[in-house]
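Novice: Each protein sequence line maps, in turn, to chains P and D. Per our numbering, the very first residue in the first sequence carries number 7; after that it's consecutive. Per our numbering, the very first residue in the second sequence carries number 307; after that it's consecutive.
Treat the hints loosely; a few may be bogus.
Calculated lysine to aspartate or glutamate pairs in the EDC-like style (CA-CA distance at most 16 Å, straight line) [unchecked claim]: (1) D:K363 with P:E99; (2) D:K363 with D:E389; (3) P:K117 with P:E99; (4) P:K100 with P:D13; (5) P:K100 with D:E362; (6) D:K317 with D:D392.
No lab work stands behind these hints: they were computed from the structure.
So you can see what is in the structure, the chains are spelled out below.
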Amino acid sequence: SQQGEEDPQALSIQEGENATMNCSYKTSINNLQWYRQNSGRGLVHLILIRSNEREKHSGRLRVTLDTSKKSSSLLITASRAADTASYFCATDEKVASGTYKYIFGTGTRLKVLA
Amino acid sequence: DTGVSQNPRHKITKRGQNVTFRCDPISEHNRLYWYRQTLGQGPEFLTYFQNEAQLEKSRLLSDRFSAERPKGSFSTLEIQRTEQGDSAMYLCASSYIPGTGGYEQYFGPGTRLTVT
Chain P
7 SQQGEEDPQA
17 LSIQEGENAT
27 MNCSYKTSIN
37 NLQWYRQNSG
47 RGLVHLILIR
57 SNEREKHSGR
67 LRVTLDTSKK
77 SSSLLITASR
87 AADTASYFCA
97 TDEKVASGTY
107 KYIFGTGTRL
117 KVLA
Chain D
307 DTGVSQNPRH
317 KITKRGQNVT
327 FRCDPISEHN
337 RLYWYRQTLG
347 QGPEFLTYFQ
357 NEAQLEKSRL
367 LSDRFSAERP
377 KGSFSTLEIQ
387 RTEQGDSAMY
397 LCASSYIPGT
407 GGYEQYFGPG
417 TRLTVT
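Looking at chain P on its own, in the form it has when it is part of the complex (with noise of 0.2 Å):
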C-alpha cells in the first residue's frame, strides 16, 4: 500500500524557478524523508524531517512538515538542469515487531529545462 502520495505527478519549470513538491501522507509518523532519483540511477537521500519538526534547510533545499494535515512539502530554489529527476517522499509505517518499515509515494517527477 502507498502512504505517501506526491503532488504533482509531474513538473515542468524553467532553470532558475523554485519547484514545489506536495506528499500527503495517511498515519501518524516519527519522520519523513525525500529521497531523489534520477533517470537510470539509484535513489538519494536528501532530507529528513522529524515530526516534531516543522521546517528543515539543506542548502536550496527546504522542506515543511504538517503533522496536522499530514502533508509535506519539498522546495527547490533556483532550479537547475542537473535536478531534473523523479522525487518521493517516504515515511515510516510502524509495523508488528514494535520496528517501522518505510513506505514510498507515487512520485513527483520534475523536468528543468535549461
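Start from chain P and add chain D according to the hints.
Specialist: Okay, now just chain D, sitting in the frame of chain P:
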C-alpha cells in the same frame, strides 16, 4: 556510489526459472531493506532485516520470494518459479539504527529483472 552494491545489475530469465540476487550493504549498517520498483512507481517495500533477523515481510510477497541475511552481513533475495509479473527493479538499501542522522537509507543501484 552510496557504498551499497547489488549483483547482478541485470538478469534476464525465462518464466519458471529461479533467480537469486545479492546485496552487500555498508559494512557498519545493521539494517537492510529490499524493495521492488516498477516503471513510474515508487519503491514498494518487500522485507527488512535488523542484523540477521528478518523483522517484517510484506503481505505482497508470495511464498515464491525468500530473503536471507546470514551473519547480518550481505543479503540474498530469491524468487522461485518466476512469473512475468516479477519483472521489475529490485532495490536494496541499508541504514544504521539508531545512528547519527536518524534513519537515512542508502540505496544500491538495483538489479533489473526481466522475465520472458
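Novice: Taking 16 Å as the top limit, are the C-alpha atoms of P:K117 and P:E99 close enough?
Specialist: Distance ~30 Å between P:K117 and P:E99 Cα, so the pair is violated.
Novice: Please work out if P:K100 and D:E362 have their alpha carbons no farther apart than 16 Å.
Specialist: At roughly 10 Å apart (the allowed maximum being 16 Å), D:E362 and P:K100 satisfy the hint.
Novice: Next pair to validate is D:K317 with D:D392; report whether the Cα-Cα distance is within 16 Å.
Specialist: holds, 12 Å
Novice: Next pair to validate is D:K363 with D:E389; report whether the Cα-Cα distance is within 16 Å.
Specialist: violated, 20 Å
Novice: Within 16 Å, alpha carbon to alpha carbon, are P:K100 and P:D13?
Specialist: Violated: P:K100 and P:D13 sit about 24 Å apart, past 16 Å.
Novice: Is D:K363 close enough to P:E99, meaning Cα to Cα at most 16 Å?
Specialist: The given pair, whose Cα atoms are some 13 Å apart, holds under the 16 Å limit.
Hint check: violations occur at hints 2, 3, 4; the rest are consistent with the structure.
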